[in-house]
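Novice: Here are the chains, one letter per residue:
2 protein chains.
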Amino acid sequence: MSDNRFLLPDSAVPEQWYNIQADMKTLPPPPLHPVTREPVGPEALAPIFPMELIQQEMTRERWIPIPDPVRDILRLWRPTPLVRARRLEQALDTPAHIYYKNEGISPAGSHKANTAVAQVYYNKKEGTRRISTETGAGQWGSALSMACNFFGLECKVYMVKVSYHQKPYRRSLMQLWGANVTASPSEETAAGRAVLAKDPDSPGSLGMAISEAVEDAVSRDDTKYSLGSVLNHVLLHQTVIGLEAQKQFELADDYPDVVIGCAGGGSNFAGLAFPFVKEKLAGRKLRIVAVEPTACPTLTRGVFSYDFGDVAQMTPLLAMYTLGHDFVPSGIHAGGLRYHGMASLVSQLYKDELIEARAYAQNPVFAAAELFAKTEGVVPAPETAHAVRAAIDEALRCKEAGRRETIVFNFSGHGHFDLTAYDAYLAGKLEDLEYPEEKLQESLQSLKAL
Amino acid sequence: MSDNRFLLPDSAVPEQWYNIQADMKTLPPPPLHPVTREPVGPEALAPIFPMELIQQEMTRERWIPIPDPVRDILRLWRPTPLVRARRLEQALDTPAHIYYKNEGISPAGSHKANTAVAQVYYNKKEGTRRISTETGAGQWGSALSMACNFFGLECKVYMVKVSYHQKPYRRSLMQLWGANVTASPSEETAAGRAVLAKDPDSPGSLGMAISEAVEDAVSRDDTKYSLGSVLNHVLLHQTVIGLEAQKQFELADDYPDVVIGCAGGGSNFAGLAFPFVKEKLAGRKLRIVAVEPTACPTLTRGVFSYDFGDVAQMTPLLAMYTLGHDFVPSGIHAGGLRYHGMASLVSQLYKDELIEARAYAQNPVFAAAELFAKTEGVVPAPETAHAVRAAIDEALRCKEAGRRETIVFNFSGHGHFDLTAYDAYLAGKLEDLEYPEEKLQESLQSLKAL
Numbered sequence: 149m150s151d152n153r154f155l156l157p158d159s160a161v162p163e164q165w166y167n168i169q170a171d172m173k174t175l176p177p178p179p180l181h182p183v184t185r186e187p188v189g190p191e192a193l194a195p196i197f198p199m200e201l202i203q204q205e206m207t208r209e210r211w212i213p214i215p216d217p218v219r220d221i222l223r224l225w226r227p228t229p230l231v232r233a234r235r236l237e238q239a240l241d242t243p244a245h246i247y248y249k250n251e252g253i254s255p256a257g258s259h260k261a262n263t264a265v266a267q268v269y270y271n272k273k274e275g276t277r278r279i280s281t282e283t284g285a286g287q288w289g290s291a292l293s294m295a296c297n298f299f300g301l302e303c304k305v306y307m308v309k310v311s312y313h314q315k316p317y318r319r320s321l322m323q324l325w326g327a328n329v330t331a332s333p334s335e336e337t338a339a340g341r342a343v344l345a346k347d348p349d350s351p352g353s354l355g356m357a358i359s360e361a362v363e364d365a366v367s368r369d370d371t372k373y374s375l376g377s378v379l380n381h382v383l384l385h386q387t388v389i390g391l392e393a394q395k396q397f398e399l400a401d402d403y404p405d406v407v408i409g410c411a412g413g414g415s416n417f418a419g420l421a422f423p424f425v426k427e428k429l430a431g432r433k434l435r436i437v438a439v440e441p442t443a444c445p446t447l448t449r450g451v452f453s454y455d456f457g458d459v460a461q462m463t464p465l466l467a468m469y470t471l472g473h474d475f476v477p478s479g480i481h482a483g484g485l486r487y488h489g490m491a492s493l494v495s496q497l498y499k500d501e502l503i504e505a506r507a508y509a510q511n512p513v514f515a516a517a518e519l520f521a522k523t524e525g526v527v528p529a530p531e532t533a534h535a536v537r538a539a540i541d542e543a544l545r546c547k548e549a550g551r552r553e554t555i556v557f558n559f560s561g562h563g564h565f566d567l568t569a570y571d572a573y574l575a576g577k578l579e580d581l582e583y584p585e586e587k588l589q590e591s592l593q594s595l596k597a598l
Numbered sequence: 149m150s151d152n153r154f155l156l157p158d159s160a161v162p163e164q165w166y167n168i169q170a171d172m173k174t175l176p177p178p179p180l181h182p183v184t185r186e187p188v189g190p191e192a193l194a195p196i197f198p199m200e201l202i203q204q205e206m207t208r209e210r211w212i213p214i215p216d217p218v219r220d221i222l223r224l225w226r227p228t229p230l231v232r233a234r235r236l237e238q239a240l241d242t243p244a245h246i247y248y249k250n251e252g253i254s255p256a257g258s259h260k261a262n263t264a265v266a267q268v269y270y271n272k273k274e275g276t277r278r279i280s281t282e283t284g285a286g287q288w289g290s291a292l293s294m295a296c297n298f299f300g301l302e303c304k305v306y307m308v309k310v311s312y313h314q315k316p317y318r319r320s321l322m323q324l325w326g327a328n329v330t331a332s333p334s335e336e337t338a339a340g341r342a343v344l345a346k347d348p349d350s351p352g353s354l355g356m357a358i359s360e361a362v363e364d365a366v367s368r369d370d371t372k373y374s375l376g377s378v379l380n381h382v383l384l385h386q387t388v389i390g391l392e393a394q395k396q397f398e399l400a401d402d403y404p405d406v407v408i409g410c411a412g413g414g415s416n417f418a419g420l421a422f423p424f425v426k427e428k429l430a431g432r433k434l435r436i437v438a439v440e441p442t443a444c445p446t447l448t449r450g451v452f453s454y455d456f457g458d459v460a461q462m463t464p465l466l467a468m469y470t471l472g473h474d475f476v477p478s479g480i481h482a483g484g485l486r487y488h489g490m491a492s493l494v495s496q497l498y499k500d501e502l503i504e505a506r507a508y509a510q511n512p513v514f515a516a517a518e519l520f521a522k523t524e525g526v527v528p529a530p531e532t533a534h535a536v537r538a539a540i541d542e543a544l545r546c547k548e549a550g551r552r553e554t555i556v557f558n559f560s561g562h563g564h565f566d567l568t569a570y571d572a573y574l575a576g577k578l579e580d581l582e583y584p585e586e587k588l589q590e591s592l593q594s595l596k597a598l
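Protein chains in written order, with the numbering used here: chain A, 149 to 598; chain B, 149 to 598.
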């Protein structure tokens, strides 16, 4: 019986994160202050982030040591398994080898826990007693709640109101780990009250929840803010995924020709991909593919430009692929991929043609997830299912061409809390949403005014 | 960094199941035909089970080979990790070592998949095209749905109607794996129609769903029935858990003084415990503890007697600890522990004082689960939380006595689909239900009539 699963012991949790800024030939242009339009210095970010994270945002050191207390928590579930999806290969009748890195085994259910633990650690080290954040469907909120619990910090989560009511399980999970979860917009912040004054029945939005969480952090001395994707330090913390995968491919005596991740803000994609980008920059031949929804086609149809990270135009201006900060994505089930922008580092790599991108509509994505659940057993989150679709299509390409390539994708999270989306798919009720050209042009207009 | 997790490669999936009937000094009295009261022969069970499973029910061979196609599927998630719960130990400040065997990583979420895969395999081998079963909260139904999907058999699940509506996620999971799920009582069977004629709004019960599933199997040539606990062959298939754990304790250079599992029908308990009972029978000193709810105290307050396995008195009479087949347990959240009887093999071991039993009420059980989720991250199913409670209490006893004992419990399943129960606990809405003495005496009366 050949192995399906390539496992590493606790002691193999990486001791350093990989910082791709050390190796990129072109770095993305720096963030600009939203008012002065000057590059943002560390001091401007100090009210909301601890200094070590700000330094990680900007450093060009190649390897950043992972503190022992962080590794000690990561090893509760890390190294995650690298799994050869042999039953999927057989179902596709492909000569390709398909592997997935299973981040879904984290207690919070996704890769998000990797950066949550690190962020809470640095906050605790610098005296933060309380952390505020926003969450949509709840993946990030639950990861941060778990991490705060481990380090004994208070956690305040502003959860988009419509999700708060429609996804009660994620809310329960956060509360079980001790977080204080508030439906946003709330009466607890000026930003929330302003929205409620205009629209008492507002369902909320991620942009609104960000505004509440940032206001909460800025207005209290004991509180900092935490973000689950997009920023350089978040992507840095995710590189444990790719670093472990490289060791596991040695065990498997194999090496990927194609590396795949779904991309919303870019952090799970970067986590698997960046250590492989390093190899590519060093001359190794491989393809790296970011996968997004057609309903929010940031890389495939957006432009590379300075733009705000949020609708409310409060964040620094980031150089990135964006659909415009006014962009309102359709209500697809992959909530984690509904972001108008993309991490600067991922954007720059795409601009420099070091990575590829492609977009899929919902039905082919869920069809891939169904096949995966039926062959490998595991049920992917709707976001993750985008990577599954791309991996399957690459394997089918290999079949057609008779090529024995090796494909790996990041299984960023499980779908246990997303089964209503599967119900809708099985009932034939999912729409294959494309973002209409005229709306896209309209939202891109907002960039010209910057 | 010492290891938390003791991992084995795919190739270490056991090659044989351990059959405790080979080593028990006293075997339980044989099942009796419900009408003739004569011991049931293999031919009487042939209409509902395939012959190899019937033989496994009765054999006294010590080791039963696990067929390769079964091992090939088990290795999708097996061997499951044996995990040292160091953060829990620290929180309790106990000198004890606490380990758990994590069966929750199965794609179906619990140990139930171990027997589902084996049962479907033998059915397929003997030409069965379709399998019917019942499910309450859905753990068993989802495991069987997954297994039928892997072997290409149709799966028909009669799901207790109140759960069908209250636990839609488990229903979705079964449907994603291709099962046909019907709310029970249904119009599809005579048994269901009879109930609906009397009470069109019946919420259903496990007993009723069993009747529908058995009728379905008996009335169709292509269909057999499948049961997820209680029977000898089911317990046999679960022994991979304990066999793996023994190998993992060698890696950990440790050995349990106390082995713990929650017990409803008895299968997850037996799965971990039986290989250790073997050691105990061979002279090794260790304690083995079955944990049940005070609301359904089968071992701790029931009697050892012949009784029906179901309310409708259709099954053979089994010699077991029972509260009486008329017993109606309160609506505790640990649905999998609400069974009036206990597997014959487990019952006999308890009668012979080879194992202990204890019962807990809901609030202390959920308090233990909360502490576990906050220290180890992982959220236990309410059933599993009974084992967590007992493990914590054993560790506290060790602390008080200053003893460095080793404790292991079976983490039978995750609680991702049970978070409403945690909500109720956190809101202080759980009742600590005891089964009242007078009701108990009343239900035990039914046994005297047998």
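The set of hints was computed from the structure by calculation and includes no laboratory data. Errors might be hidden in some of the hints.
Remember, identical chains collapse to one label, so a pair may be satisfied in a single copy or spanning two.
[As the list claims (entries may be wrong)] Result set (EDC-like, lysine to aspartate or glutamate): computed pairs, CA atoms no more than 20 Å apart in a straight line:
| id | residue 1 | residue 2 |
| --- | --- | --- |
| 1 | Lys395 | Asp151 |
| 2 | Lys522 | Asp220 |
| 3 | Lys522 | Glu302 |
| 4 | Lys272 | Glu200 |
| 5 | Lys499 | Glu274 |
| 6 | Lys395 | Glu191 |
| 7 | Lys273 | Asp369 |
Novice: Is it within a copy, between copies, both, or neither that the alpha carbon of Lys272 lies no farther than 20 Å from that of Glu200?
Specialist: For Lys272 and Glu200, the Cα distance is within 20 Å only inside one copy (11 Å; across copies 59 Å).
Novice: Is it within a copy, between copies, both, or neither that the alpha carbon of Lys395 lies no farther than 20 Å from that of Glu191?
Specialist: Answer is neither; intra-copy 38 Å and inter-copy 55 Å both fail.
Novice: With 20 Å as the alpha-carbon cut-off, assign the pair Lys273 and Asp369 to within, between, both or neither.
Specialist: within (15 Å within a copy, 68 Å between copies)
Novice: Taking 20 Å as the upper bound on the Cα-Cα distance, should Lys395 and Asp151 be classified as within, between, both, or neither?
Specialist: both (15 Å within a copy, 18 Å between copies)
Novice: Given a CA cutoff of 20 Å, do Lys499 and Glu274 count as a within-copy pair, a between-copy pair, both, or neither?
Specialist: neither (36 Å within a copy, 59 Å between copies)
Novice: Using 20 Å as the alpha-carbon threshold, which applies to Lys522 and Glu302: within, between, both, or neither?
Specialist: Classified as between: cross-chain Cα gap 13 Å, same-chain 40 Å, threshold 20 Å.
Novice: Quick one: Lys522 to Asp220, C-alpha cut-off 20 Å, is that within a copy, between copies, both, or neither?
Specialist: Result: close only across copies, 15 Å inter versus 35 Å intra.
Hint compliance for this structure: hints 5, 6 are not met, and every other hint is.
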